[in-house]
Amino acid sequence: MYGIVNKAIQDLVTENFGMDKWELIKEKSGVDVDFFLSNEPYDDDITYKLAGSTADVIGITVGEVLNAFGEWWILRTGKEKYAGLMEAGGNNLKEFLVNLPLFHNRIMLMYPKLTPPEFKVSNIEENSIHVHYHSKREGLQEFVRGLMTGIAKMYSVNAVVTLIQSRDNGNTHEIFKVSW
Amino acid sequence: MTNNYSFNQNQLNRLFPFYLLINKEMKVISKGSSICKLYNWDKVDCFNKFFKIPRPFTQIDSFEDLIKLENQLVVLEAEDSKSLKIRGQFEYLEDAQQMLFVGSPWFGSIEQVRENNLTIEDFAKHDPLIDLLNVLKSQEITTDDLKELVTTINNQKNDLKKANKEIYDIALFPKQNPDPNIRINFEGDILQNNPAASNLDFIEFEGELYRNDLFFKMLASRIDKNAKRWNFEAQSNKIYYSFDCIVMSNEGYINIYGRDITQQKINQQELEKLSLIVQETTNAVIITDAKGKLEWVNKAFEKITGYTLPEVQGETPGKFLQGEETDPESVAYMRERIKNSQPFTCEIYNYKKSGEGYWLRINGQPIFDKTGKLTNFFALEEDITAEKKAQEKIRTTVSRMTSLITNLHDGILLGNIDNTIALTNNRFCEIFNSNMKPDEMKGLNCTMASDLKSLFVDSEVFELRVNEILKNKKLVTGDQLEMVDGRILERDFIPIWNENKYEGHLWMYSDITEKVTTNKKIAELRNFYEKILDNIPSDIAVFDNEHRYLYINPKGLKNPELRKWIIGKKDEDFIKRRKKNSNLLAGRRSAFNEIMKTKQLKSWEEEFPKKDGSSQYMMRNMYPVINKNNKVELVIAYGVDISEIKNIQQQVLKSEKKYRDLINNSLAIITTHNMAGEFIDVNPMVKKLYGYNDDEVIGRSLVDFMPNEDKPFFEETYLNKIKAEKECTGIFRVLHKDGSIVYSFYNNFLKEEKGEEPYVIGFAVDITSRILAEKELKVAKKVTEQLAQTKQNFLANMSHEIRTPMNAIMGMSRQLLKSNLNEKQLGYLNNITNASENLLVIINDILDLAKLEAGKLSFEKIGFESKLVVENIIQVMLHKAEEKGLQLINSFCDPNISPILIGDPHRINQVLLNLVSNAIKFTEVGTVDISCKVINNNELTQEVEIVVSDTGIGMEESYLENLFTKFSQEYKSVARNFGGTGLGMSITKSLVDLMGGSIFVESEKGKGTSVFLRFIFEKGTLQDMPKKPNAVVNTKNLKGKKILVVDDNRMNRMVASLILKEFDVIITEVENGEEAVEHLKRKACDLVLMDLQMPILNGYDATKAIREVLKSSVPILALTANAIKGESEKCIAAGMNDYLSKPFDEDTFLQKVTYWVDKFKPINNVFL
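Line by line, the protein sequences are chains L and P. Position 68 of the first sequence, counted from 1, bears residue number 68 in our numbering, the numbering being contiguous throughout. Offset between the second sequence (1-based) and our numbering: plus 10000.
It should be emphasised that the hints constitute simulated quantities derived from the structure, not laboratory data. There may be inaccurate statements among the hints.
Stated by the list, open to error - Listed next, the in silico DSS-like pairs over lysine-lysine satisfying Cα-Cα at most 30 Å (straight line):
#1 L:K81 x P:K10137
#2 P:K10082 x L:K120
#3 P:K10052 x P:K10027
#4 L:K94 x P:K10068
#5 L:K120 x P:K10570
#6 P:K10631 x L:K120
#7 P:K10570 x P:K10631
As the list claims (entries may be wrong) - What follows is a set of in silico ranges between Cβ atoms, one per label pair, in the way DEER data are often shown:
#8 L:A88 x P:N10004: 41 to 47 Å
#9 P:L10149 x L:A88: 30 to 36 Å
#10 P:S10081 x L:K120: 25 to 31 Å
Just so it is clear, CB atoms sit at the ideal spot from N, CA and C, and this is done for glycine as well.
Bound conformation, chain L alone (with noise of 0.2 Å):
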């Protein structure tokens, strides 16, 4: 993952909780980073290990909290380092989920060095879109749940986002229904 990632983490704990809760959470993961830079790829590991000890230090799940990074990263991280670009991914929330699968892949071209996910569309509705997650890592589809709830509120739309198939059941790939 880049530098980003983990930054955002710490960005999410630190405001939320405030700096002694982080350097708690980093010295129980064994991640002895001070400083993430934001295009350096780092192991995919640390971030686990991040998500694990903050769930930990908090007290909530490892999926809560990959749900709120994930809204955090939209909400936040997006708004503040991306605006432009989130912006020009689309007018409303049914056209930025439409152009998603354009815009993940225009966003390669940021970061040369990730292995990213592939998102397609379907069962494109008035109120409602399938989108499937494609992707080599395991266990992050809270992240991707929060992702699609953060593209909800960044429109300042009510959504249900429903996990309709998972890899867990034997299946290629994720599928969220997002309602709205």
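Starting from the known structure of chain L, arrange chain P on it as the hints suggest.
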């Protein structure tokens, strides 16, 4: 208005130097100059075989798949260089039906541009990639700088951490000091303290308790700031501290160093306590000066003497304490010791102030100063008046004891520690025949064993024992000694110890001669009786009238210790000790009480369950012994083990029950009858099977229950037989009470016991249903056989009836093919031929199936050339494959395969033909492949796997399960499109199974099918090969030959004739056997082609007539449409030479005809 743009190739190249143009067949028909540099285009055949689309992940199977990708960002990736990706988009050029791909490489760094042999010139001017990569590069440089910066900061952080750790370690040193260190300012605020100081939460100072912070404030307020150093003591948490305070005026604070002085305090308190003890002790303590004048006395002194300290201070103690009865020698001794500054101890009689005397023990001790000069005397005075009185009392007691000993009946000798006699008595002197008086013996040496030993029988033993006892100094009692004059003495030795100090001993001798003699007699008597009781094999016990054990013999209780223990105890005690079952107790107690009451013998049984599940049974008897006063004095009990008798009784009962149950529950009829056939006893099955109650049967004869027609035979066939042979087996027909007949299979035996009437025991079972079933079976079998025959006949007829016209159709078609035909006609004819061949396959399938079902299919076991099997199939099927534009290949033939294998090559051929034919049938494009490999090679056998695989339509997985089911095809449409009966695979599987092989199929819908055959063949040699008939068809010898064609079907005659006429054969046609015989009577010929089923005279009978009546050996070749097994044998048996089934293959026909024509040399050539 629509604007149409068109670029020439150069323009396109300049705008999109990485473009690709792909046609509908997926060929790359044009490409940009730059993309040419990236790949080796010689390898590129089809676009989708060379490129993959990983994002969005798309499987490209057709041109349409590419069209769907239009208007999407697409990443291309070549199969052989996955690290190189092209990023772009597809555009469908509808008019040209081509796909245009425009894009550029997706590089992660500017270095990759050169690595891929590209320069800036290779990119379109509008393409921002190079610029983006440059931006990326500069970003990377920035990131590297940042990384370096972060690393530097991190190192500095680690250095800081290290320094922090060092400071912490240094600080830890005073921190670990167990004594409190505190730093306060002049206002008393604590500036710093170590952990030990933190524990001083409350401080007790000058009797007041202060909280830590308040204490130091109080302290600061009281101190003199100019004093450099001072000290105070305080207590906290039960620890005494001495605090040194150092004032640091310049720094403005005071360092306070505490020191734990608790132990020092305790010592001080201890000293105070001791002083108090001395003051308060019950013994008098006095201290005098060096001259013996009193300086100090304690309270006890005042109490004992009645003098106070002021009264006696400055006086010599002797002056006012000694009196009339004070021993002057003791006084002199004390003076002497005091004078010489020596310690002393003595007992002295003094007087109190009241004039009352008292005994005193004085311990005096001189006290010296450091230079060794006597300064004081210290004396401890103990009032021992009571002790002195006690001593007097002891003396009186000793005197009394001495008098007692002197007059004792036992001989006593009290020896001193130095082995002199302290005391003895008259009895001692009497026992040892001494002339001396006891007083005279006092002070003599008491080691007199050597003097006395002559008085004892074992004199040496006596002496040794005395010395041993004296040496051991341990208590000895009950030693018995036999004296030479017959007396027996009992001796005790008592060592006298006082406070672990040996102070002498006491010998006691008593004459027990009379007692021993009496005891001995009693013991002998007891021994005599006990020996008897001990050896009686019954439990014997004797109880007192309270039911307490007086005796129990070893049979009753094995353990000798327990036997000893139980005397005087009750059964309850025993059960408690051994934790035994207490159930028996109540019974025994009530039996005992009953005996006590009735004074009569009582017997009962007791059961003791054992661990193995069995039980021990005891017969108990108790009887009372009654004394003169008619009271029960003793109760004698004895028990006998009756387990064996009990077991036998139980076994007899069990055995009897078992046999009774066996007979009563037997499904067989079990009866006994006398020699007249009259029933003695019957089991319940008689009622069940024949309906009669016991009383309706017993006493009546067996014959009464038989049908009338069987009665006359009863005596002769049964009664007489069993008397003679003692055993008889057969079937009785028995009349049931309801009138029906029960078939009973019996097996009866004559029993003759000595002294008893002989009788018969009979066993019978009902076999009525079996008899009836057998009858039904016989009928059913006959019907089945008839049906099978009908089916066989039907199949034979069907086969014949279809084959006959088939022969005509196929033969005629062949002939027609030889004529000049136009293309259309040729097409029609080919259709006819194909249809006929298909029909023939179907007929053969049905026939094979019938044979398989009837188990009439036979297999050969002959040598065959393994390679020819596959070659033959390819040769036969190649034209069919080619007709469909398919490749039929043999991709692999294992070189290790044995050249000759043993099996049935025709059936293997049939199986492979079916599989290959199926493969071709279901494949539209691609290849049908037969491969052959050895999967197991042994010395004598080889396991061979033949795989027929195709690239055809394949099958659903669900269908694979039913593949080998008869009449099964995947969909109805398959049957419609591809034809066939659906029998092929079923027959194939049966054939493979019957050859001991295995078959399995792998198939994927749309991809193709592979059928795997596995056979284990024996390896063969050339000798195993069948002799080949001359396969060369020499049609030249046919010229001018006369051949008689016998067939009732004109068409078939025509088929044979047309073929043969081509070779100038002289043909004669007749319609039935009779005409044939008639013709041969008149004219000879070289060969007869004989149909079998003909009107008037069939082929068999005609042949018979030719051979037997005409005596002709003309070769007769049977031509029959009857393909049922056994037909050829029937032909040969009827006298024919060979057999060919219709419809026949022309080559085979000619081969057979030429063979027989060539072979036949007519005996009678009169007609030639």
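Hints and how they fare:
For the given pair, K81 (chain L) sits about 20 Å from K10137 (chain P) by alpha-carbon distance, which is consistent with the 30 Å threshold. Restraint check: the Cα-Cα separation between K10082 (chain P) and K120 (chain L) comes to about 22 Å, which is no more than 30 Å; the hinted pair holds. At most 30 Å may separate the alpha-carbon atoms for a hinted pair to count; K10052 (chain P) and K10027 (chain P) meet this at roughly 14 Å. Among the hinted pairs, K94 (chain L) with K10068 (chain P) is consistent with the structure: their alpha-carbon atoms are about 22 Å apart, no more than 30 Å.
As the CA atoms of K120 (chain L) and K10570 (chain P) are separated by approximately 97 Å, the hinted pair breaks the 30 Å bound. Under the criterion of a C-alpha separation no larger than 30 Å, the hint pairing K10631 (chain P) with K120 (chain L) is inconsistent with the structure, at around 115 Å. Pair hint K10570 (chain P) plus K10631 (chain P) holds up; C-alpha atoms about 20 Å apart against a cutoff of 30 Å. Restraint check, A88 (chain L) to N10004 (chain P): a C-beta distance of roughly 31 Å breaks the suggested window 41 to 47 Å.
The hinted range of 30 to 36 Å is satisfied by L10149 (chain P) and A88 (chain L), whose Cβ atoms lie roughly 32 Å apart. For S10081 (chain P) paired with K120 (chain L), a C-beta distance near 26 Å keeps the hint of 25 to 31 Å intact.
The structure fails to meet hints 5, 6 and 8 from the earlier list, while all remaining hints are met.
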